[in-house]
Amino acid sequence: MHIAEGVLPPVILASSAILSAAGVCIGLKKLDYDRIMTTAILSASFFVASLIHVPIGPVSGHLILNGLLGLLLGWVSFPAIMVALALQAILFQFGGITTLGVNTLNMALPPVICFYVFRPMLSKGTFSLRMASFLCGMTAVALSALLTSGTLALGGDNFLNSAKILLISSVPVMVIEGLITAVVVGFLAKVSPQIFDFEIATSNSVVSAQTSPSTTE
Amino acid sequence: MSLESFAEGKSPFHTMDAAAKLAAAALFSICTALLTSITAACAALLVGIVLLAVAQLPFKILCRRVLFINAFIAFLWLTLPVSTAGTPLFTWGGFTVTKEGVDLTLLITLKSNAIIAAVIALLATSNVTDIGTGFARLHVPQKLSLLFLFTWRYIHVILEEYKRLSTAATLRGFVPGTNSHTYKTYANLIAMVLIKSHDRAERVSNAMKLRGFNGTFHSLHRTRTHPADAVVAATIVLLGTALLAADYFHLTELL
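For the protein sequence lines, the chains are A and B, in the order given.
Sequential numbering of the first sequence, starting at 1, is according to the UniProt record's numbering.
Sequential numbering of the second sequence, starting at 1, is according to the UniProt record's numbering.
So here's chain B without its partners, still in its complex pose (with noise of 0.2 Å):
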């Protein structure tokens, strides 16, 4: 399975700093959460869309992710539309659909999709190593980046570790099914997934401290800051704040 299904890449996402890409994205996702009026969501999607298309990624792969991602938006959809009080649209079997409630919907799938294109357009295209580095460059606390950095390391450890496994467990015969034999299994399988990923993190930390290690870390993707990477994230980040005060003053509506 890759995780970092983005980040190989030739756009001038791919080569952008990091730590310019994190602010650019953190404030551009803020300023979108806050906006209240559709048109400036919409604008706000558009934004995104431009910035996927800089971004040029696989396209099969990025319909399934964001497919994916708006099922907790359906999910909203079900139940938004006939909880909201206001004008009703339209009645069916004792559910009333209002427009408040579909307005609010539409509002969230909007501000929600405009935020996931942004993300994916500009971190999903750093590989992860890079972001941490980013996280330090930014003044992140440094424990916390190293946690970051580690962690990402063991999801990897973690991961092959619990495929062998499992891949045991299934040819000794173990099917997956609603009773208390597969949880158990399960359990027995992350236990022993764990002290073993833990005998190995006490012996890399060992080894580290012996190679006099001093918590940093150099990345071997070097990508060098540009002076124009700051413009395209200041770029971006107005883009954000003039969509947030054009909503905040109501600009929209004078269109």
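Here chain A stands alone, though its shape is the one from the complex (with noise of 0.2 Å):
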């Protein structure tokens, strides 16, 4: 879902860049020098995602994985997808210079709502967990959706109708982002919770957060 350049008019570039940075601001001052490292992985798996096709019907759409992102990062998914969106604007010209403000805006606010509302989910039980991780995946996707072919429809009338295909195209993405989300956070909770920084249920019991070994110098 990259907005290419070009596309949209200077006011709606120039304060989705605004809005973004603002974003990247507040996502650096949470993240410590400790946390880079993971970030940097949860980051380039946003980048790796987008090269996995999985097949959808007769075609074939590729992972966004977003929702995971919020989930693990919070604030920080805006400087994760930012840089993301970046390397994938130098290396394939996917997106733009002018456009990673918009795009970055696009797919990072909807983690960061997810994040607020359904991680405290996670830490309710087996049960609670799945349900939540499979709607976080599901909703920052749609979200994503919703803002991209808003911010085409801003763009003019005539947007409009790319803007519905848009939407109405990445309906199956988003039950299968749920679907992978959900079994992707059940797998993390059971075999490695401590890449989550908070508590989080695991099949056993609720354990508390183990601080990584760096941390605990």
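Honestly, the hints are just simulated from the structure, not real lab data.
Mixed in with the good hints, there may be bad ones.
Said to hold, decoys possible - Using 25 Å as the maximum straight-line C-alpha spacing, the simulated SDA-like pairs for lysine to any residue come out as follows: (1) Lys-163/B with Ile-38/B; (2) Lys-99/B with Leu-89/B; (3) Lys-184/B with Ser-170/A; (4) Lys-30/A with Ala-136/B; (5) Lys-184/B with Lys-30/A; (6) Lys-99/B with Leu-160/A; (7) Lys-30/A with Ile-113/A; (8) Lys-30/A with Leu-89/B; (9) Lys-29/A with Leu-138/B; (10) Lys-190/A with Arg-64/B; (11) Lys-184/B with Leu-160/A; (12) Lys-60/B with Leu-91/A.
Hints in hand, dock the two standalone chains.
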């Protein structure tokens, strides 16, 4: 869901760039040097996920995983997603420099919202964890699609049709993202709960967040 | 899979300072994105093509790349000409193609390709590590440049790990299809990749701390800063600004 260069009017580009910059600043404030590595991995997974094509009926769509990023990172999703999008712009010229702001906002605001809505449910038991992560994966993609088509529609009435097509075509992706996020979070909670820096429900009991060896010096 | 397909080469742009190229590419893109007339956009595309010619990139890969990026533009060509109100050019099966719609789509196509050409010529000719250090030189916050460099590093690790696991799945007879088994398999694969990379990152992070990592990186490719780099970057920015000014004051209509 990248918006290409030269499509949107300057007002929208500028205002969304400012909002994204604010988000990135908050994210960087909350990111301490010890978590940079974990963040880089998740940011790299966001990049790699877009290269993984999964079959959806006759066509294939690529994974987005921004819901998963939101659950794990919260506000730090902003810098993580911006870095991945910048790399995509430099390496493949998807999106671009002038649209980096609007694309970051569209992809990173939904995970931050999902973080606040669904994170509390992750520590309330295994069933709640599965439901919350499914809904989180789904909602993040749905909100991103809404925001992207919304910005396209703001670009002028003549973009309305493109916006509608974009929105409808992302419905199957939402369901698949939800399913994949639920399984990934369930797996991580069971096998490696220390990836989360907060309390998470495991299959046995609620264990408190373990601090990684690097932070216990 | 080679991610940096254009970074190898001997053209003037390959040896140029990444910070100067970053600044030039960003400012030229912004100027081009603001253009409103087709003539100015054509001129911008011409600048982009000249830059590409200077960069001397492998032609075949370049064509494939440009075609691929134009997929989004093709999607706009399908919807925009019929959904813009204005003077009809022709009607076919209930759809009316308008002159304004065609003009708008043409403008977007030209601007988009001009920016893509400039960005490929300027940025894809540097390796990402140099661009990361370029960010630091342009006073991008240190945490962000670090995140950029580490992300680039882990993209390779994760891709490799992912390929290894998906080969293993294929060898066990996994055929992707539209069913929940496929999605669960992919999800388990992703979770496994995340856990392995996380453990690895933890080890690397500890090793770096042990060696006294203080937040700066030293690139092995030393691109020396030439005053000529600043001149080239300034020329590109000036061209962009001139086009924007010509567009704003409607100088192209005088021709």
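Check your understanding: Which of the listed hints are broken here?
Key -> Checked against the structure, the hints that fail are numbers 1, 5, 8, 10, 11, while the rest are satisfied.
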